[in-house]
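Engineer: Listed below, chain by chain, are the residues.
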Amino acid sequence: GQQVQQSPASLVLQEGENAELQCNFSTSLNSMQWFYQRPEGSLVSLFYNPSGTKQSGRLTSTTVIKERRSSLHISSSQITDSGTYLCAMVTNYGNEKITFGAGTKLTIKP
Amino acid sequence: NSKVIQTPRYLVKGQGQKAKMRCIPEKGHPVVFWYQQNKNNEFKFLINFQNQEVLQQIDMTEKRFSAECPSNSPCSLEIQSSEAGDSALYLCASSLFRNNQAPLFGEGTRLSVL
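Note that the protein sequences, when read in sequence, are chains G and S. Residue numbering for the first sequence follows the numbering used here, starting at 1 and increasing by one per position. Residue numbering for the second sequence follows the numbering used here, starting at 1 and increasing by one per position.
What the hints contain is simulated information worked out from the structure, not anything from laboratory work. It cannot be assumed that every hint is accurate.
[To be verified] One-sided excerpt, in silico: chain G residues whose CB lies under 10 Å from chain S:
(1) F35
(2) E40
(3) L43
(4) V44
(5) F47
(6) R58
(7) V90
(8) E96
(9) I98
[What the hints assert, rightly or not] Cβ-to-Cβ under 8 Å is the rule here; a few derived chain S residues that face chain G:
(10) L89
(11) A93
(12) R110
Don't be surprised by glycine CBs; every beta carbon is placed ideally from N, CA and C.
Chain S on its own, in the form it takes in the complex (with noise of 0.2 Å):
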C-alpha cells in the first residue's frame, strides 16, 4: 500500500480548462517530486520542493503549471489552460533525503485532455 497519497486517480479535461492534482506525502519527508510520464512512457521531471520551498523545476512549470507544498496541506500541481498534449500519468513521490531511504511513489494522478 502506497504510503504517498495521490488524488484523484484519474481526471478528465476539456483544453483550456484547469486540471489540479493533489499529493500528500509520506509523514516526515521534506522532499517532494512531481513526475510526467507520456505516452510514450517517459518520465520528465517537472519540479521538487523541500519544505514548501521549490527547489527545482523546469520551463514547462514555470511557465503553464502551478504547483505549491504548503504545510499542513496537500501538496498540488495545476496546469492552468490544459492542452491534449498535457495528457499523461502524473506522479508524486516524497523522500526523507538521506542515502540510505529509497523515494516512495504515489500511485499517479491520470490526466486526459479531451
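Chain G with its partners taken away, still in its complex shape (with noise of 0.2 Å):
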C-alpha cells in the first residue's frame, strides 16, 4: 500500500487565510522533507524535519514520529503561494530511500 497519503489533493483559500497540509506515512522513518515544486517541476526544499516543529516566515512544519505524520501549515496565505506542495519520507536502513507524497495543489485567489 501506499507509504505516504497526502492531504487535501487540491485546496483552494482566499488571500489571508491559513493552510494546512498533511502527511500520513505507514512505516518508520528518518525524517520528512517538504517541498515546494514549480511550475516548471524543479523542487524547492521548505523543510526537513525529523520530529518536532520548525518554522521559516509564514510556514511551519511538524512532525509527530509516533502519530505518523507531519504537516504544513502556512500562515496569512498570499497569491505568490499557490503551487503544488510535496511531502517526502526519508528512510534510511543501510539504503537510503525517498518515498514522495501524491502532493497537494494549492491555490490561493485574491
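Grab the two chains, each in its own frame, and use the hints to assemble them into the complex.
Structural biologist: Listed below in C-alpha cells is the structure:
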C-alpha cells in the first residue's frame, strides 16, 4: 500500500487564510521533507524535519513520529503561495530511500 | 540555487531513440537517486547508487534504462529505446547518507517522447 498519504489533494483558499497540509506515513522514517514544486518541475526544499516543529517565516512544519504524521502550515497565505506542495518520507535503514506523497495543489485566490 | 546539476533541462526524442540525461551530484555526496515524475505527478523511484555501485533499481530500469555513476564523471540515465510513456520529469538527488542531512534535488530533465 501507499506509504505516504498526503491530504488534501487540492485546497482553495482566500488570500490571508491559513493553509494546513497533512502527510501520514505508514512505516518508520528518519525524516520528513517538504517541498514546493515550481510549475516547470524543479523542487524547492522547504523543511527537512525529523521530529518536532520548525518554522521559516510564514511556514511551519511539525512532525510527530509516534503518530506517524507531518504537517505544513502556511499562515496568512498569499497568492504567490499557490502551487504544488509535496511531502517526502526519507528512510535510511542501510539503504536510503525517499518516498513521495501525491502532492497538494494549493490555490490562493485574491 | 540547486547544488545538484542536471542537464539538459529539456529533452525531445522520437520513439525508439536513445535519450540520455546527466546529473552532477553535490560534491562529497556518495548516494545518488533517480526519480521519474509522470504526467499524473506520481513519483517513481528508478535507481540509486552509492559510490558508483547500484544499491537498488526497479525492473523497468533494469530492462530499458541504463544508468551509471562513474567516479570523477557525471552520473547518467539513458533510455535505450524511448517510448511515449517515458515522457516525464526525471529528477536526480544526492545525499550524504546521514540521518540529519537532507537529500538535495536537481532541477530535473523534462523528457518529451514524440
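Engineer: Evaluate each hint against the coordinates.
Structural biologist: Right, here's what the structure says about each hint:
1. F35: Since the shortest Cβ distance to chain S is 8 Å, the answer is holds.
2. E40: holds, 8 Å
3. L43: holds, 5 Å
4. V44: holds, 9 Å
5. F47: Given a least distance of 9 Å, the restraint on F47 (chain G) holds.
6. R58: Violated, because the Cβ-Cβ distance from R58 (chain G) to chain S comes to roughly 20 Å (cut-off 10 Å).
7. V90: holds, 7 Å
8. E96: holds, 6 Å
9. I98: holds, 6 Å
10. L89: holds, 4 Å
11. A93: Nearest chain G Cβ about 7 Å off; hint holds.
12. R110: Constraint on R110 (chain S) satisfied, holds at 6 Å.
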